[in-house]
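> In case you want the letters, here they are:
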Amino acid sequence: MSFCLELHLQQSEDYEILISKAGFKEAKKVIENHSPRILYVKPGAKVLGARIIGIPPIPIGIDETQSRITLPYTKPCHGTAVVDLPVEKEEIDKVKAIAVNPMKK
Amino acid sequence: MKKALILLGCPESPSQTPLALYTAHKLTKIGFEVTVASTPSASKLLEVSDSEEFYVNKKIDLELCLEDLEEKEYDLLVGFVHKDAAVSYFVTFYHILNTKSIAIVFEKDSDLLEKFLNDLKENTDATLISARAYHNPTPIRVKIDKAFKVLED
Numbered sequence: 000m001s002f003c004l005e006l007h008l009q010q011s012e013d014y015e016i017l018i019s020k021a022g023f024k025e026a027k028k029v030i031e032n033h034s035p036r037i038l039y040v041k042p043g044a045k046v047l048g049a050r051i052i053g054i055p056p057i058p059i060g061i062d063e064t065q066s067r068i069t070l071p072y073t074k075p076c077h078g079t080a081v082v083d084l085p086v087e088k089e090e091i092d093k094v095k096a097i098a099v100n101p102m103k104k
Numbered sequence: 000m001k002k003a004l005i006l007l008g009c010p011e012s013p014s015q016t017p018l019a020l021y022t023a024h025k026l027t028k029i030g031f032e033v034t035v036a037s038t039p040s041a042s043k044l045l046e047v048s049d050s051e052e053f054y055v056n057k058k059i060d061l062e063l064c065l066e067d068l069e070e071k072e073y074d075l076l077v078g079f080v081h082k083d084a085a086v087s088y089f090v091t092f093y094h095i096l097n098t099k100s101i102a103i104v105f106e107k108d109s110d111l112l113e114k115f116l117n118d119l120k121e122n123t124d125a126t127l128i129s130a131r132a133y134h135n136p137t138p139i140r141v142k143i144d145k146a147f148k149v150l151e152d
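Which chain is which? The protein sequence lines are V and X, in order.
With numbering that gives the first Met the number 0, the residue at position 9 of the first sequence is 8, and numbering never jumps.
With numbering that gives the first Met the number 0, the residue at position 44 of the second sequence is 43, and numbering never jumps.
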């Protein structure tokens, strides 16, 4: 079964919110400063089953050692949050496959 | 018939709902089939304001619309932008649809208005309609009339 970010955030408690109700650029800096590796995706790219909303290039933080992903999560009335959560290795591979400008920090 | 998608942001700004109905009606008169994508709360405001669906008869949940959206699915994107998140949503819809786009940008704070406009200029080739507006929709309505005259011609 494929990962569903919305469902995961509703039903699990193993995620961490690094910032909430932020502007997109602020959230972007948080991700870039937090994760050991950053991959960039296009607006609307699907990560963990959800369309990623934002201004390009959109950073997705990758921690392969801990198998975690850090990503922006935007809602119209609540601004942008940054969510850090554990994922299966295959989800990290999926992000690598759609990254437009892979960059190592 | 050409298809237009109107993208609404958070309904916090009192100008958004009347401007959305006004814009939908203008586009319908020009000959577009209009769909409005919005949050559930913005949709409720439309439902109450236009209970007979005279101005808007096609509404879709913003998240559902985004999930299934495909390139060139609409001939025109019109987005209401009055928050940072609305900039992100507009840019995202713009990049997925890759179609003619108009952003209607309004904010009472001139610094925020300028920031939103700069972000949109840097990340899209959309036509930008902007004014300092919050309670009073007239400044932005006047600019909508002017910009949409081009679509009519």
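No wet-lab data here; the hints were simulated from the structure.
Any given hint might turn out to be false.
[Claimed, not checked] Once the Cα atoms are required to be at most 20 Å apart in a straight line, the calculated SDA-like pairs of lysine to any residue come out as:
{"no.": "1", "chain 1": "X", "residue 1": "Lys107", "chain 2": "V", "residue 2": "His77"}
{"no.": "2", "chain 1": "V", "residue 1": "Lys41", "chain 2": "X", "residue 2": "Glu66"}
{"no.": "3", "chain 1": "V", "residue 1": "Lys74", "chain 2": "X", "residue 2": "Asp60"}
{"no.": "4", "chain 1": "V", "residue 1": "Lys24", "chain 2": "X", "residue 2": "Ser40"}
{"no.": "5", "chain 1": "V", "residue 1": "Lys24", "chain 2": "X", "residue 2": "His24"}
{"no.": "6", "chain 1": "V", "residue 1": "Lys74", "chain 2": "X", "residue 2": "Lys142"}
{"no.": "7", "chain 1": "V", "residue 1": "Lys41", "chain 2": "X", "residue 2": "Asp152"}
{"no.": "8", "chain 1": "V", "residue 1": "Lys20", "chain 2": "X", "residue 2": "Ser40"}
{"no.": "9", "chain 1": "X", "residue 1": "Lys58", "chain 2": "V", "residue 2": "Cys76"}
{"no.": "10", "chain 1": "V", "residue 1": "Lys74", "chain 2": "X", "residue 2": "Glu66"}
{"no.": "11", "chain 1": "V", "residue 1": "Lys28", "chain 2": "X", "residue 2": "Asn117"}
{"no.": "12", "chain 1": "V", "residue 1": "Lys74", "chain 2": "X", "residue 2": "Ser109"}
{"no.": "13", "chain 1": "V", "residue 1": "Lys41", "chain 2": "X", "residue 2": "Glu11"}
{"no.": "14", "chain 1": "V", "residue 1": "Lys20", "chain 2": "X", "residue 2": "Ile59"}
{"no.": "15", "chain 1": "V", "residue 1": "Lys45", "chain 2": "X", "residue 2": "Asp152"}
{"no.": "16", "chain 1": "V", "residue 1": "Lys74", "chain 2": "X", "residue 2": "Ile59"}
{"no.": "17", "chain 1": "X", "residue 1": "Lys142", "chain 2": "X", "residue 2": "His24"}
{"no.": "18", "chain 1": "V", "residue 1": "Lys93", "chain 2": "X", "residue 2": "Glu66"}
{"no.": "19", "chain 1": "V", "residue 1": "Lys41", "chain 2": "V", "residue 2": "Lys74"}
{"no.": "20", "chain 1": "X", "residue 1": "Lys142", "chain 2": "X", "residue 2": "Asp152"}
{"no.": "21", "chain 1": "V", "residue 1": "Lys45", "chain 2": "X", "residue 2": "Leu65"}
{"no.": "22", "chain 1": "X", "residue 1": "Lys2", "chain 2": "X", "residue 2": "Lys114"}
{"no.": "23", "chain 1": "V", "residue 1": "Lys41", "chain 2": "X", "residue 2": "His24"}
{"no.": "24", "chain 1": "X", "residue 1": "Lys99", "chain 2": "V", "residue 2": "Pro55"}
{"no.": "25", "chain 1": "X", "residue 1": "Lys114", "chain 2": "V", "residue 2": "Cys76"}
{"no.": "26", "chain 1": "V", "residue 1": "Lys41", "chain 2": "X", "residue 2": "Ile59"}
{"no.": "27", "chain 1": "V", "residue 1": "Lys95", "chain 2": "V", "residue 2": "Pro56"}
{"no.": "28", "chain 1": "V", "residue 1": "Lys24", "chain 2": "X", "residue 2": "Pro39"}
{"no.": "29", "chain 1": "V", "residue 1": "Lys41", "chain 2": "X", "residue 2": "Lys120"}
{"no.": "30", "chain 1": "V", "residue 1": "Lys74", "chain 2": "X", "residue 2": "Lys2"}
{"no.": "31", "chain 1": "V", "residue 1": "Lys74", "chain 2": "V", "residue 2": "Lys88"}
{"no.": "32", "chain 1": "V", "residue 1": "Lys45", "chain 2": "X", "residue 2": "Leu63"}
{"no.": "33", "chain 1": "V", "residue 1": "Lys24", "chain 2": "X", "residue 2": "Leu112"}
{"no.": "34", "chain 1": "V", "residue 1": "Lys20", "chain 2": "X", "residue 2": "Lys114"}
{"no.": "35", "chain 1": "V", "residue 1": "Lys24", "chain 2": "X", "residue 2": "Val149"}
{"no.": "36", "chain 1": "V", "residue 1": "Lys45", "chain 2": "X", "residue 2": "Asn97"}
{"no.": "37", "chain 1": "V", "residue 1": "Lys28", "chain 2": "X", "residue 2": "Glu121"}
{"no.": "38", "chain 1": "V", "residue 1": "Lys20", "chain 2": "X", "residue 2": "Lys99"}
> Flag every earlier hint the structure violates by its number, smallest first.
Violated hints (numbers, rising): 4, 5, 6, 7, 12, 13, 14, 15, 22, 23, 26, 28, 30, 31, 35, 38; every other hint is consistent with the structure.
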